[in-house]
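Colleague: Numbering (our numbering), first residue to last: 134 to 716.
These aren't lab readings, by the way, just hints derived from the structure by calculation.
Certain hints may be false.
Now the in silico label distances, taken between C-beta atoms and shown as ranges [unchecked claim]:
{"#": "1", "residue 1": "K163", "residue 2": "K589", "range": "37 to 43 Å"}
{"#": "2", "residue 1": "R199", "residue 2": "A249", "range": "15 to 21 Å"}
{"#": "3", "residue 1": "K368", "residue 2": "P463", "range": "20 to 26 Å"}
{"#": "4", "residue 1": "I209", "residue 2": "E241", "range": "19 to 25 Å"}
{"#": "5", "residue 1": "K559", "residue 2": "E156", "range": "16 to 22 Å"}
{"#": "6", "residue 1": "D284", "residue 2": "P549", "range": "27 to 33 Å"}
{"#": "7", "residue 1": "K216", "residue 2": "K589", "range": "47 to 53 Å"}
{"#": "8", "residue 1": "D707", "residue 2": "P417", "range": "53 to 59 Å"}
{"#": "9", "residue 1": "D284", "residue 2": "E241", "range": "24 to 30 Å"}
{"#": "10", "residue 1": "D429", "residue 2": "K216", "range": "34 to 40 Å"}
{"#": "11", "residue 1": "P208", "residue 2": "N433", "range": "25 to 31 Å"}
{"#": "12", "residue 1": "P177", "residue 2": "V435", "range": "31 to 37 Å"}
{"#": "13", "residue 1": "K216", "residue 2": "D284", "range": "24 to 30 Å"}
{"#": "14", "residue 1": "P283", "residue 2": "P417", "range": "43 to 49 Å"}
Built from N, CA and C at the ideal position, the CB exists for glycine as well.
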Amino acid sequence: MAPNHSNEENSHNSLPCPILRVEDYDIHPKTGFLPPNPPLTRLPDLYYSPWEQVIDSYHDLMLAGRLGESINMLPILETDHLKSIPEYRRAFLILSILAHGFVWGKYEAVRDVLPACIAIPWVKVSNVLEIAPICNHAAVVLWNWRLIFPDAPFDLKYDVFAMEIYYLPVNNSIDIRNNFLPFFESNLATLITFTNTSDEGWFYLVTTTIEAIGGRALNAIILALEAVRDRDNFKLMSALMVICSAMKDINETLQRMFDKCDPYIFYWKVRPYLSGWENEDRLPKGLIYEGVDQPDEYGNPVYRQYAGGSAGQSALIQAIDIALNVEHYPTGVKTGITNNKVFSSEVKEHTREEPNGNCYAASSINSLSNASSCYHLRIQNHQQQLEFEKMSSNASNNNKPQQPYLHKIRQNIPGPHRRFLEDLAKIANIRQYILTRTKFPLDDKVQGLDDDDLVKAYNDCLNEMKNFRNKHLQIVSTYIVIQSHRGGGHFHTKNPYLAKCPVSTITHNTTTNIPITAINNNSTTNTMSTCVSVTHLKTKDARITSKTITNGSDLDLKGTGGTNLMPFLKQMRDETIAKEIGS
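Start from the sequences, fold in the hints, and give me the full structure.
Modeller: Have a look at this one:
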């Protein structure tokens, strides 16, 4: 007689599991956190023309060293002429660019007082958008793009034949695809940049495209939660596959950062402007927002501190982490990293795999078949993980060990998106559902799906998240770690990998694994810490990736958000891997 699980099922179905509507959080079903329509290129009310005029001359004023002078001459404008959220977003972008240009301006001294003409309206606009008054991910990525050809697709790369380009020369001897595709490779452009370089624009647009891809992942997350509520394993499987597919596309897009963003230009020209005024050596106290805060009780001005823009401020990546129940803890705290190898080793001690791929149970269980033994060992494995995570979760709830930076920077995420993350965290139970499913052996064939199929689909998502974090580490190594060892006045070439630098570099052809060239700098006068970089040619057009191994001094490298960069990112990757089921 089959066991009666009706009470368990009823209790499961009775669990409160309100399903979120993305539209309630200013999230579009197709583009996710990215607005579905291009942001405004100009504020429509002429009242704000003083702001727009400074933006029009921004790079000329920077070059002349007169941006600060021009900003100081601006009037203090009210914000009540802004009539819509898109207008508030445009205002926020403008004021962010003006503020950071004023503070970190080229050929001008760093300033610790932001004039009232910027500070007052910036804070007012920020309050409406429910976001901190600092240049952040939302400003330069979500609200800072346009379509070059309005009727063409939103993409970093598309086929020229998908649109009518009537002005191309008609010549049968010309291979249009080969000769003209590079000029139409992307249909995206930025609205405003600090440096007026294509490298900076590309840096933002790669991330903008990632946000657009993420729209389908967000929808799949909602479908997955519905599937858990309804115990619909087919639906859950499909949703996890969509999340995995979206992450693969995100990883492929992230890899394109190397195509058109020069690491030298990013690190030495662009990155300084993205810095905030928290944990910032150049502004140890922070920044005074003139006219916003009253002096303290002793008459001293109040300094504000905000973390600068960073990829960690993407609500998309945080949402996927939450959905997959990946938890992050303070850097150096290993509470969140469960050693799954402990669990899997217990299974391996009792099983071995035959050459035909079948599992053979070495334990002497007379009443169970060989396959059943393996199945029950998997159940035990998953149940141990579940019990361990329950204990860890209880400890987490009591001690609140969550990664403080990720929660703190949510002030740099627009209010509706921040609330989505908070509400999602209350109901995300995909991982627990999959682990709990193994409690009932006779239910594992429900709807024709084996529990291993769900486990694999979940682990595939985690694997793509791991790949994302590895690629992020790779980018940080290339664009920050290596550059930090080179020096700002170092020889610069558009191919930065061939420039001289105090690193040992070995380049391999990935198809033959034969070294192509080796560039060594064995100077004994180099006092900088050793940085060994192994680079690989990825394609015939010399796309290169980099894996960097550094010594302890790189632990002090800080991101624009103020974190100790490498330990922070490596731990996030390890915490992702640790959630793999039955690894």
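Colleague: It remains to establish, for every hint, whether it holds in the given structure.
Modeller: These are the hints, each one checked on the structure:
no., hint, verdict
1, K163 with K589: 37 to 43 Å, "violated, 28 Å"
2, R199 with A249: 15 to 21 Å, "holds, 20 Å"
3, K368 with P463: 20 to 26 Å, "violated, 36 Å"
4, I209 with E241: 19 to 25 Å, "holds, 22 Å"
5, K559 with E156: 16 to 22 Å, "holds, 19 Å"
6, D284 with P549: 27 to 33 Å, "holds, 29 Å"
7, K216 with K589: 47 to 53 Å, "holds, 51 Å"
8, D707 with P417: 53 to 59 Å, "violated, 32 Å"
9, D284 with E241: 24 to 30 Å, "violated, 42 Å"
10, D429 with K216: 34 to 40 Å, "holds, 37 Å"
11, P208 with N433: 25 to 31 Å, "holds, 28 Å"
12, P177 with V435: 31 to 37 Å, "holds, 35 Å"
13, K216 with D284: 24 to 30 Å, "holds, 27 Å"
14, P283 with P417: 43 to 49 Å, "holds, 47 Å"
Violated hints, in rising order: 1, 3, 8 and 9; the structure is consistent with all others.
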